[in-house]
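Residue numbers (the numbering used here), protein chains in the order written: chain A, 6 to 555; chain B, 150 to 734.
In short, the hints are calculated from the structure, not lab data.
All C-beta atoms in this analysis are idealised placements derived from N, C-alpha and C, irrespective of residue type, glycine included.
Keep in mind that the hints are not guaranteed to be accurate.
What the simulated footprint calls covered on chain A by chain B, stretch by stretch (three residues with Cβ under 8 Å from a Cβ of chain B suffice, anywhere in the stretch; the number is not a length) [as the list claims (entries may be wrong)]:
1) 49-60
2) 254-267
3) 294-306
4) 411-418
5) 429-438
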Amino acid sequence: MNSTKPAYLTLLLALAHGVAGISILVISSWFIAVSAIAPVGFNYVIPAVVIRALALLRIASGYASMWVGHNDLLARIANIRLGVFSQLENSQINEKALTTEALAHHTEELASRWIAWIAPLSSIMFIFTSLCFIATWFDFPGAGLLIALFVAWSIAVVLQGLEALRIAKRATCANAEFRQSSNNLLNSSAIWHLNRGLEGQREDNATWEHNSHSASNASTLDGNKRKASNIVGQNVSAKAVWKEKIAQKNTANRTAWWFQGIAFLLVVLMMSGALSIAQTMVFAPIAIVVPMVLLAAPDWAGNAFSSISKFAQYKQSVKALQQMKTTPIKMLYEREINTSITLTDFSIKGRRTNKVNTSLPAKGVVCVSGASGCGKSSLLQGLAGLLPANGKREIDGVNMPSGLVVNWRYVEQEPIILSGTLALNLDPAGKAIPHNNMTMLLQELGLDKRILLSTWVGKAGRPLSGGERKRVALARAILAKPRVLLVDEPFEGLDIHTQQRVCEVLNRYANDKLVIIASHVTPTALAVQKNVQLDEASIVTVNGEHRATL
Amino acid sequence: MTKEKVPNRQTLTKWCKEMDSALSLGLRRSLISQVAVKCLSLFSLIIGFYYFSNIAQDWVVNKTSTTRGDIVGLICSLALCWLFQGAFNALSSMGKAKALDKLEVRLKQVFVARQHALIRQHSVYYWQTLWLQHMQAFTDWALEYRVQQMIAVIVPLLALAVIFYVNPVIGFGLLLTLPVVPLFMIIVGKGAAALHRKHFIALERLGSLFTDRLAALPMLASFQAHQKQTDLLKQASDNLNTRTMKVVSVAFLSNSVLDFFATLAVALVAVFIGFSLLGELDIGPAITLQQGLWVLLTVPLLLSEMKKLGQIYHQKAQAEAAQDELAPLFSVYIQAQTTMLSDTKENSHSERINAPRESLLSASHFNIFEMNASLFTSLSSSTNELPALLSADSLNVFKGDRILLSGASGSGKTLLLEALGGQRPASHKFNEPVVWITQHPVVTPGSVRENLCLDDSYTDEALNEVLHAVELGQWLALLPYGLDTLMTDYPLLSGGEAQRLSLARALLRDAGIWLLDEPTAHLPDPQHHRLAQLINRLGDNKTLIWASHKALPANWFTHFWAIKDGEVKTVSIASQSKEQASTNE
Chain A
6 MNSTKPAYLT LLLALAHGVA GISILVISSW FIAVSAIAPV GFNYVIPAVV
56 IRALALLRIA SGYASMWVGH NDLLARIANI RLGVFSQLEN SQINEKALTT
106 EALAHHTEEL ASRWIAWIAP LSSIMFIFTS LCFIATWFDF PGAGLLIALF
156 VAWSIAVVLQ GLEALRIAKR ATCANAEFRQ SSNNLLNSSA IWHLNRGLEG
206 QREDNATWEH NSHSASNAST LDGNKRKASN IVGQNVSAKA VWKEKIAQKN
256 TANRTAWWFQ GIAFLLVVLM MSGALSIAQT MVFAPIAIVV PMVLLAAPDW
306 AGNAFSSISK FAQYKQSVKA LQQMKTTPIK MLYEREINTS ITLTDFSIKG
356 RRTNKVNTSL PAKGVVCVSG ASGCGKSSLL QGLAGLLPAN GKREIDGVNM
406 PSGLVVNWRY VEQEPIILSG TLALNLDPAG KAIPHNNMTM LLQELGLDKR
456 ILLSTWVGKA GRPLSGGERK RVALARAILA KPRVLLVDEP FEGLDIHTQQ
506 RVCEVLNRYA NDKLVIIASH VTPTALAVQK NVQLDEASIV TVNGEHRATL
Chain B
150 MTKEKVPNRQ TLTKWCKEMD SALSLGLRRS LISQVAVKCL SLFSLIIGFY
200 YFSNIAQDWV VNKTSTTRGD IVGLICSLAL CWLFQGAFNA LSSMGKAKAL
250 DKLEVRLKQV FVARQHALIR QHSVYYWQTL WLQHMQAFTD WALEYRVQQM
300 IAVIVPLLAL AVIFYVNPVI GFGLLLTLPV VPLFMIIVGK GAAALHRKHF
350 IALERLGSLF TDRLAALPML ASFQAHQKQT DLLKQASDNL NTRTMKVVSV
400 AFLSNSVLDF FATLAVALVA VFIGFSLLGE LDIGPAITLQ QGLWVLLTVP
450 LLLSEMKKLG QIYHQKAQAE AAQDELAPLF SVYIQAQTTM LSDTKENSHS
500 ERINAPRESL LSASHFNIFE MNASLFTSLS SSTNELPALL SADSLNVFKG
550 DRILLSGASG SGKTLLLEAL GGQRPASHKF NEPVVWITQH PVVTPGSVRE
600 NLCLDDSYTD EALNEVLHAV ELGQWLALLP YGLDTLMTDY PLLSGGEAQR
650 LSLARALLRD AGIWLLDEPT AHLPDPQHHR LAQLINRLGD NKTLIWASHK
700 ALPANWFTHF WAIKDGEVKT VSIASQSKEQ ASTNE
């Protein structure tokens with residue numbers, strides 16, 4: 006693959022950077038030692054030149070590796086994300102926990118593997134091996150100690166790697182648990198004031214701290230009791246998550262620390278002559294090389310340990326991405342509707358809604374009404390095919406299998422506005438819809454004239470009010486000329502005058518198409534052809550089948 | 150870019166100082182001890198270098214084994230360095246854990262004090278990010294970045310002092326050739342700042358584009374717009390990448406400057422020492438191998454700590470982002486500290502205590518303030534020049550009063566109830582426990598019993614009784630496990646039933662005041678009438694303040710409040726019913 010080339014270049018440059026660094030140290034110390042005893046005929050010019058050349062090499066390779074590495078990183082992030090995005094064509098992400106932000110983070114982690122851990126780890130590995138090899142080959146005094154340090158380093162890396170993976174796993178669990186419990190806590194904020202325990206905190210925090218401490222100790226409480234305390238918020242704490250994060254850093258620090266200890270110990274062993282390396286070589290300038298390398302080892306080999314933590318995070322991200330569950334959205338070709346759409350025992354899977362039996366005309370405005378929470382918007386989504394449903398959905402008496410019908414459009418209650426120009430938002434598929442049509446329709450819907458088609462809306466753009474978002478989304482759907490238009494709560498957040506305009510647009514569109522509107526208000530201007538009243542779903546009204554699922 | 154967003158933002162350091170003293174996080178102490186221990190560790194290492202080069206001198210020049218003293222010195226100094234390093238690691242992780250614990254306790258205090266009035270302003274995801282990430286970003290910066298920052302200043306000075314002591318010529322040379330520490334701080338600071346900020350923003354933008362389209366997946370699917378959007382995404386990221394690299398290439402230079410000086414310093418010092426030893430150069434005092442090696446070993450310390458600072462620079466950018474969110478939240482503590490000193494007598498408190506017994510609230514010059522106004526001092530209208538969100542000349546509530554609160558949506562009905570319930574900073578609030586019933590009833594995933602009891606305990610008879618009182622008896626009978634049926638995330642309740650459940654919850658409590666915030670807003674009319682009658686009947690012996698959009702019989706109420714243009718007014722029954730008639734039209 007072409008994209009690995011810059012990655013290998015990064016690796017090579019990082020290697021050059023590392024090798025140049027250690028070489029400067031070794032050659033400089035040796036040079037000084039040689040100079041001190043100044044043997045006859047010693048050519049001092051060459052080492053001096055080599056040292057300066059190495060310095061330049063180090064600087065250049067440092068800059069280059071940084072540049073190439075980051076360039077590669079950005080390209081990789083773009084590639085991976087595009088890959089993930091294309092994979093997600095016509096599918097939905099199932100898990101609530103896997104927020105889009107987490108996905109962005111995971112892909113970044115995946116892309117940064119070269120500069121985060123592959124390059125540093127392999128360059129240190131390479132330097133270590135070659136140092137050991139050279140030391141043994143030329144029989145430097147203390148070569149054995151160098152090999153011993155290499156062995157110690159390898160063991161430390163492996164041990165830390167295993168530990169880091171374990172911690173990363175625990176961190177993921179802790180994170181999920183925190184998300185769940187804080188979700189429950191924050192969602193119930195409206196009834197906190199009824200909590201004695203929580204109210205008490207206003208006066209006395211010391212006792213509360215004590216409580217939470219004992220609560221976290223008694224982690225083996227049975228599920229019910231824990232849930233109860235979750236509501237109170239005593240047990241909700243991000244401590245577990247932080248603990249794992251700090252632990253990850255600590256293991257890296259601790260391993261680096263032990264490695265430093267071993268390196269120092271080896272220095273002492275060598276310098277004290279405890280290991281009798283009683284050779285004639287001992288007092289030659291070359292003898293200074295191995296102790297220097299050992300003494301500096303924590304600096305040039307210690308980086309490896311923080312790379313290991315990144316490796317663990319990388320592994321965790323790979324796993325998270327692999328486990329990402331998506332459901333493909335089945336696309337159905339549109340069928341002409343001659344007389345009617347019939348729903349028989351239609352209900353949304355996994356929701357407690359009543360079964361719907363009704364027949365919808367081929368054109369005109371149909372209004373679905375009912376109290377909030379009775380399943381109006383689920384019904385609309387089920388009709389459009391965005392939610393899996395039980396029961397039958399028939400067009401002119403022929404059953405439609407489950408799936409999204411290509412030319413039916415659902416307008417969400419909380420519409421999604423893409424970060425981009427207004428024109429892009431109105432024509433997301435690039436169907437080259439004439440700008441004239443867009444402005445006309447927006448005017449009819451009473452949208453602020455100051456918002457131009459070239460205005461950037463969405464994130465980091467002009468903020469749109471709830472009503473404006475609704476109308477933009479409605480315009481987007483209408484411009485796509487759907488056969489069936491399903492609109493969820495179009496009148497919420499609109500004043501009476503604007504409601505009127507929206508009604509007119511909807512009425513006109515319903516002349517030859519079917520428009521289904523879910524709303525708990527029905528403006529008089531809306532030419533409703535059929536009204537579907539949904540009853541409240543409750544254990545009293547839903548039949549016995551749901552009781553069995555409990 | 151971030152700077153433009155908040156022009157009058159405090160600097161991070163100043164804010165941190167205020168936070169530290171107001172919340173007693175112990176950041177300063179932890180910071181100083183960490184820096185001291187780390188410096189001791191590095192100082193021991195420099196001493197170790199001395200013994201190391203002594204031994205090398207013995208080996209290479211004197212051709213003898215070393216003296217025992219040098220070995221003991223080497224052992225001691227290296228051991229000390231190692232132990233101090235260990236202590237530094239321990240201090241660092243302990244300090245962070247402690248600060249985070251304290252921050253969490255404070256965060257929960259703010260939550261408890263402001264409750265729903267605060268939480269409802271943002272999404273759950275926002276609070277989770279704040280709780281989990283922003284607080285950690287702040288402590289990372291305060292206890293890691295700042296420690297490294299101080300070390301990066303002190304250690305080079307230490308190293309330079311040692312080099313001067315050994316050989317003034319080299320020391321002087323380093324001082325001249327290397328732009329000295331302060332200058333370096335600027336280079337690193339500005340350079341790395343620019344680099345990281347740009348890099349950070351680039352990654353952020355790429356990420357936000359990606360997440361934006363991800364969030365729109367179902368919409369894109371239904372519009373068949375995936376292909377087009379993929380192309381757009383690709384184009385945008387390519388564009389952004391080339392632009393970023395252009396900027397970053399320059400910014401990388403500043404990082405390389407450090408590398409340049411660090412490497413060159415070692416190389417030049419090595420060559421200088423070598424030539425001096427050879428006698429080729431004769432500047433300054435004569436040099437020995439021991440001195441030369443000691444200097445050579447010490448020189449890297451001049452810049453290595455600075456380089457480490459560059460590696461964790463992202464912490465600063467993250468902390469700045471965190472400050473934007475955390476500062477308004479924790480400002481209550483910082484203000485509390487300053488106002489506590491000036492404002493000691495609590496005048497409004499005494500006023501309330503001396504009021505006649507059956508009066509629950511008698512407020513003149515009632516004001517509601519911004520959310521991040523002080524948390525602990527009682528705000529009285531006379532001493533405060535804060536702009537009021539909502540005010541009233543006088544509000545009186547007596548026991549048994551039944552007040553209908555009206556006003557257009559967005560006029561501040563909820564605000565007033567929140568203030569009276571004590572969840573918002575205001576000049577007056579009820580001193581008795583209140584019960585809130587909100588638009589959206591809360592049903593927790595636990596059992597029915599847990600939903601009703603929360604952390605109190607009531608007998609099953611009491612629970613059954615209230616459930617029957619709110620007409621949920623039939624519903625209860627149909628539940629498979631009765632009171633122990635779990636409600637789960639999709640409770641088996643209609644909107645009206647859920648509101649009844651919260652009414653039952655309220656009935657269990659002996660609070661005498663009910664604050665009703667449009668409890669029937671989301672119900673269809675027949676449901677609304679039934680529930681309203683139920684509330685009216687059950688709340689017979691309570692003091693009620695009922696905010697409602699929908700029509701309620703005027704004879705249920707004794708007083709009428711109306712909110713208009715940021716002012717609460719008591720209105721007469723006649724004008725109330727007229728107003729009601731006009732809204733019903």
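Hint check results:
1. For the region 49-60 of chain A, the stated coverage by chain B is satisfied: 7 residues place a CB nearer than 8 Å to a CB of that chain, which reaches the threshold of 3.
2. A count of 7 residues in the region 254-267 of chain A with a Cβ less than 8 Å from any Cβ of chain B is obtained; the coverage claim is therefore met, three being the minimum.
3. For the region 294-306 of chain A, the assignment as covered by chain B holds, since 3 residues bring a beta-carbon within under 8 Å of that chain's beta-carbons and 3 suffice.
4. Against chain B, the region 411-418 of chain A contributes 5 residues with a C-beta closer than 8 Å to a partner C-beta. That satisfies the three-residue criterion, and the hint holds.
5. With a cut-off of 8 Å between beta carbons, the region 429-438 of chain A has 4 residues touching chain B; three or more are needed, and the interface restraint holds.
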